[in-house]
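Engineer: One line per chain: the protein sequences are A and B, in this order. Taking my numbering, the leading residue of the first sequence gets 1, the next gets one more, and so forth. Taking my numbering, the leading residue of the second sequence gets 273, the next gets one more, and so forth.
In case anyone wonders, no lab produced these hints; they're calculated from the structure. There may be inaccurate statements among the hints.
Estimated spans, in silico, between C-beta atoms of each pair [as the list claims (entries may be wrong)]:
no., chain 1, residue 1, chain 2, residue 2, range
1, A, 17, B, 289, 47 to 57 Å
2, A, 99, B, 415, 43 to 53 Å
3, B, 337, A, 188, 22 to 32 Å
4, A, 131, B, 333, 33 to 43 Å
5, B, 395, A, 143, 21 to 31 Å
6, B, 485, A, 266, 41 to 51 Å
7, A, 257, B, 284, 26 to 36 Å
8, B, 422, A, 266, 48 to 58 Å
9, B, 395, A, 201, 43 to 53 Å
10, B, 482, A, 201, 38 to 48 Å
11, A, 113, B, 506, 24 to 34 Å
12, A, 261, B, 313, 29 to 39 Å
13, A, 188, B, 438, 17 to 27 Å
In silico negatives: residues of chain A with every beta carbon more than 10 Å from chain B [said to hold, decoys possible]:
no., residue
14, 4
15, 13
16, 28
17, 56
18, 97
19, 100
20, 171
21, 179
22, 193
23, 201
We treat Cβ as the ideally placed atom computed from N, Cα and C, and that holds for glycine.
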Amino acid sequence: MMPSTLEHKLAKILTKRKKYKAIRYGLYIFIFLLVLGSIQTTIIKDTDWEKIGTFGTVVKALARFFPPDFSLFPHLVKPTIETFMIACLGTFLALVLAIPVSWFAAHNITPYKSITYPIGRAIMTLSRSVHEIVWGLIFVAAVGLGAFPGILAVAMRSIGFISKLTAEAIEDINPGQMEAIRATGANGFQVILYAVIPQILPVFVGNTIFQWDINIRRATIMGLVGAGGLGLTFHRQLVMYNYGGVTTVIIALLLLIAIGEVGSYYIRKAII
Amino acid sequence: MATLEVKDLRIRYNRSGPEILKGLSFNVEQEDFFAIIGPSGAGKSTLIRCINRLVEPNSGDVILNGRNITKVGRRGLRKARRNMGMIFQEFNLVERMSVMDNVLSGRLGYIGNFRSFLRFYPRADIQRALELLDEVGLSDFVDKRADELSGGQRQRVGIARALIQQPQILLVDEPTSSLDPKIAREVMGMIKQMSEEAGVPVLCNIHDVQLALEFSNKVIGLQDGFKKFEGPTKKVDKATLDEIYAMEIL
Ligand SMILES: Nc1ncnc2c1ncn2[C@@H]1O[C@H](COP(=O)(O)OP(=O)(O)OP(=O)(O)O)[C@@H](O)[C@H]1O
Ligand SMILES: [Mg+2]
Chain A
1 MMPSTLEHKL
11 AKILTKRKKY
21 KAIRYGLYIF
31 IFLLVLGSIQ
41 TTIIKDTDWE
51 KIGTFGTVVK
61 ALARFFPPDF
71 SLFPHLVKPT
81 IETFMIACLG
91 TFLALVLAIP
101 VSWFAAHNIT
111 PYKSITYPIG
121 RAIMTLSRSV
131 HEIVWGLIFV
141 AAVGLGAFPG
151 ILAVAMRSIG
161 FISKLTAEAI
171 EDINPGQMEA
181 IRATGANGFQ
191 VILYAVIPQI
201 LPVFVGNTIF
211 QWDINIRRAT
221 IMGLVGAGGL
231 GLTFHRQLVM
241 YNYGGVTTVI
251 IALLLLIAIG
261 EVGSYYIRKA
271 II
Chain B
273 MATLEVKDLR
283 IRYNRSGPEI
293 LKGLSFNVEQ
303 EDFFAIIGPS
313 GAGKSTLIRC
323 INRLVEPNSG
333 DVILNGRNIT
343 KVGRRGLRKA
353 RRNMGMIFQE
363 FNLVERMSVM
373 DNVLSGRLGY
383 IGNFRSFLRF
393 YPRADIQRAL
403 ELLDEVGLSD
413 FVDKRADELS
423 GGQRQRVGIA
433 RALIQQPQIL
443 LVDEPTSSLD
453 PKIAREVMGM
463 IKQMSEEAGV
473 PVLCNIHDVQ
483 LALEFSNKVI
493 GLQDGFKKFE
503 GPTKKVDKAT
513 LDEIYAMEIL
């Protein structure tokens, strides 16, 4: 037999749990209805069902993508390398440009707070809020077709991510080390060199590797807007209705992305 | 002439906030080992940081060997700072750098940006760093990273870093508060011995009254931003200490 005080407490706990149960079920039902509602408005109403046709035609349409058109293979080598290089050079450019941006956007080391801090933050936000395809379109318009606008687009997109995380790391550094270096009579550059960079280097390198991996994915679609690489081949095969060729390009993309995934894992392991 | 003259030093951190140092004046002679004691929050760390302007005093003068530090510009301030070695409670070594590079960083005020970027220090600096590390018993730790050292070892690197500056004064803020009593006494002994050898005076904040009385020849008692006491260590008795620490008893 339980003592009465405990029994009282137990009763209280049980009613409380019952109440939570009701709330939880209510929530599940709400989410379920929300999903149903979304499906109703976006898929059921918006899709041209006449065109989709029967299950059979869907399968038939998909079957056009097989078998892959391997005759395309020799033509894929150059664009694959180009995509890879767009990602590498774009990441490198972003890494270099992210250094001044992080310097400006970290409130504890920014040189002229009222001017440089807002500039740094603005570049960061701009870079992150504009999609790489849009950057691609902008740079294709500015410098013409090819890999170069792709590199610029990938870099623009990456600067924001690298510098945001780096600036946050800078704001979190141990100020004592900065104070000690400053106390030796070091100038601002030397303080950054000796007290800031060693503290944030692991974060900076880690983020850059992560961005490189993502940039390989970003580079693959650059071709869709004429900014070089595999995306362009993909687009061409699609407009030529060569679906087998599309499949081949997709295989090449997957291989490239896998290289990025595995490569970044090993680089990270080697450096950090 | 005194090595360091401090005249009517005043500071408040915020314009509307309280005054933390309320007109401090004192002189440090070349052979002095000053212990600055006083209750927590009295302004000891603030005082030390005002002297090399890690925090800017609102008014007053700090004169090091005839040079008024409060009046110099940025370049002059950097020159003045390299004449003042500083040792910290939390050691403040660059954790991810080697012991040798940490000691050499004490020479940054003397070398240019290019050399500091490549860590090209003159041979004489490297030799001096090794001698100092040998003196503090760490000549076998040159290539160790600072974050692999114990607290006592880190503070000894801190001492070497301050002394390689060839300073005219040592500013020391609670050098032993992060250390156990035995190591604390060793570190204090090292600071005293090496400063005497180098012929530089020491201005040392210290919580531990016993250590303060043991190593200093002069004492400043701070309380709430005022100088409550200044005099030779041997004149410090129980009544003096009671007065300096009065706030804590209340
Ligand atoms: N950066 C700062 N901004 C605002 N107020 C500060 C700052 N640093 C210190 N103070 C204030 O100044 C006063 C003196 O602080 P200080 O650190 O100089 O005291 P202290 O004597 O060194 O104390 P402790 O023995 O605890 O180290 C305290 O009231 C503290 O709150
Ligand atoms: Mg203090």
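Engineer: Take the C-beta atom of residue 261(A) and the C-beta atom of residue 313(B), compute their distance, and say whether it sits inside 29 to 39 Å.
Structural biologist: violated, 54 Å
Engineer: Measuring Cβ to Cβ, find out whether residue 100(A) lies farther than 10 Å from everything in chain B.
Structural biologist: The claim holds: residue 100(A) sits with its nearest Cβ about 16 Å from chain B, beyond 10 Å.
Engineer: Beyond 10 Å on every Cβ pair: is that true for residue 201(A) relative to chain B?
Structural biologist: violated, 7 Å
Engineer: Holds or violated: 26 to 36 Å for the Cβ distance of residue 257(A) and residue 284(B)?
Structural biologist: About 59 Å separates the Cβ atoms of residue 257(A) and residue 284(B), which means 26 to 36 Å is violated.
Engineer: I want to verify a distance hint. Is the separation of the beta carbons of residue 17(A) and residue 289(B) within 47 to 57 Å?
Structural biologist: holds, 51 Å
Engineer: Is it true that the C-beta distance of residue 131(A) to residue 333(B) lies inside 33 to 43 Å, as the hint says?
Structural biologist: Given about 59 Å between the Cβ atoms, the range is violated.
Engineer: Evaluate the given range 48 to 58 Å for the C-beta pair formed by residue 422(B) and residue 266(A).
Structural biologist: violated, 35 Å
Engineer: Hint says 22 to 32 Å; check whether the CB-CB distance for residue 337(B) and residue 188(A) agrees.
Structural biologist: holds, 26 Å
Engineer: Beyond 10 Å on every Cβ pair: is that true for residue 97(A) relative to chain B?
Structural biologist: Residue 97(A) clear of chain B: closest Cβ-Cβ about 19 Å, beyond 10 Å.
Engineer: When you take the CB atoms of residue 188(A) and residue 438(B), is the distance between them in 17 to 27 Å?
Structural biologist: holds, 23 Å
Engineer: Is the Cβ of residue 4(A) farther than 10 Å from every Cβ of chain B?
Structural biologist: holds, 51 Å
Engineer: With 10 Å as the threshold, tell me whether residue 171(A) passes as away from chain B on beta-carbon distances.
Structural biologist: The assertion about residue 171(A) holds, with a minimum of 18 Å to chain B.
Hint check: violations occur at hints 2, 4, 5, 6, 7, 8, 9, 11, 12, 21, 22, 23; the rest are consistent with the structure.
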